[in-house]
Amino acid sequence: AQSVTQLGSHVSVSEGALVLLRCNYSSSVPPYLFWYVQYPNQGLQLLLKYTTGATLVKGINGFEAEFKKSETSFHLTKPSAHMSDAAEYFCAVSDRSNYQLIWGAGTKLIIKP
Amino acid sequence: DGGITQSPKYLFRKEGQNVTLSCEQNLNHDAMYWYRQDPGQGLRLIYYSQIVNDFQKGDIAEGYSVSREKKESFPLTVTSAQKNPTAFYLCASSAGLADTQYFGPGTRLTVL
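Residue numbers (my numbering), protein chains in the order written: chain A, 1 to 113; chain B, 114 to 225.
Quick caveat, the hints were computed from the structure, so don't treat them as lab data.
From the three backbone atoms N, C-alpha and C, an ideal C-beta is built for every residue, glycine too.
Be a bit skeptical, because a hint or two may be false.
From chain A, some residues computed to sit far from chain B (all C-beta separations above 10 Å) [said to hold, decoys possible]:
id	residue
1	8
2	18
3	20
With beta-carbon atoms standing in for the labels, derived distance ranges [unchecked claim]:
id	chain 1	residue 1	chain 2	residue 2	range
4	A	71	B	213	19 to 27 Å
5	B	133	A	97	27 to 35 Å
6	B	223	A	105	21 to 29 Å
7	B	123	A	52	38 to 46 Å
8	B	210	A	40	27 to 35 Å
9	A	60	B	140	13 to 21 Å
10	A	2	B	209	17 to 25 Å
11	A	61	B	116	25 to 33 Å
12	B	194	A	16	28 to 36 Å
13	A	61	B	184	27 to 35 Å
Whole structure, please, built from the sequences with the hints as guidance.
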């Protein structure tokens, strides 16, 4: 069965520093890949997704992610963190056979002033 | 504005009572989903529906029931058979099963 691993349940960075949130998946066939963001007590908002084509995907709020097939990874980055980026981030993969989303456990991003 | 609404935002119930969570969308999406979210865990799929009058069990359907009588609506009933119902419940919809899912604001259910 497919699985998604997000390294680090909490990641803390200083304001203005690089944000790197890691996501690895297990699949022999490249799936569809997603990053969502969740602010406290709210629903999830799509940040970006990869289906086919260019492996570097740009999303909203200055985030981007790169699909690396050889590493089965889809890490999320942002060059300079803002206080407003403090939230929980979820990586998800979609099995191309049934399209159900498999979710990582989430990473809480903490921004230090 | 197009979107997904869930009501109420907070819900309290006594143990042993059934409770129904509302989910409505005006995005004209065919597919709708219910997820459960617990602290420190990813989302887990309860039920999904690809079209009206059809729905399928997800990974944790026991103790839950759904209906899909209208395209816009996909209510979830948490029955007394659900052993640990206290959780955050999220509804989502997508144009089709292969399309991006969009989420509602969620309902936090607390069973006392």
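Each hint tested on the structure:
For residue 8 (chain A), the shortest C-beta to C-beta distance to chain B comes to about 12 Å, beyond the 10 Å cut-off, and the non-interface label holds. Non-interface status of residue 18 (chain A) relative to chain B is upheld: no Cβ of that chain comes within 10 Å, the nearest being about 25 Å off. Interface exclusion of residue 20 (chain A) from chain B stands, the closest Cβ pair being 20 Å apart, more than 10 Å. At about 24 Å, the beta-carbon gap between residue 71 (chain A) and residue 213 (chain B) stays in the expected band of 19 to 27 Å.
The supplied range of 27 to 35 Å is met by residue 133 (chain B) and residue 97 (chain A), whose beta-carbon atoms lie about 32 Å from each other. Range check, residue 223 (chain B) to residue 105 (chain A): about 22 Å between beta-carbon atoms, so the 21 to 29 Å window is met. Range check, residue 123 (chain B) to residue 52 (chain A): about 41 Å between beta-carbon atoms, so the 38 to 46 Å window is met. Range check, residue 210 (chain B) to residue 40 (chain A): about 30 Å between beta-carbon atoms, so the 27 to 35 Å window is met.
For residue 60 (chain A) and residue 140 (chain B), the Cβ-Cβ distance of about 18 Å falls inside the hinted range of 13 to 21 Å, so the restraint holds. Checked against the hint of 17 to 25 Å, the C-beta distance between residue 2 (chain A) and residue 209 (chain B) comes to roughly 20 Å, which is consistent with it. A hinted range of 25 to 33 Å for the beta carbons of residue 61 (chain A) and residue 116 (chain B) is inconsistent with their spacing of about 19 Å. For the hinted restraint 28 to 36 Å between residue 194 (chain B) and residue 16 (chain A), the CB-CB distance of approximately 51 Å leaves it violated.
At about 32 Å, the beta-carbon gap between residue 61 (chain A) and residue 184 (chain B) stays in the expected band of 27 to 35 Å.
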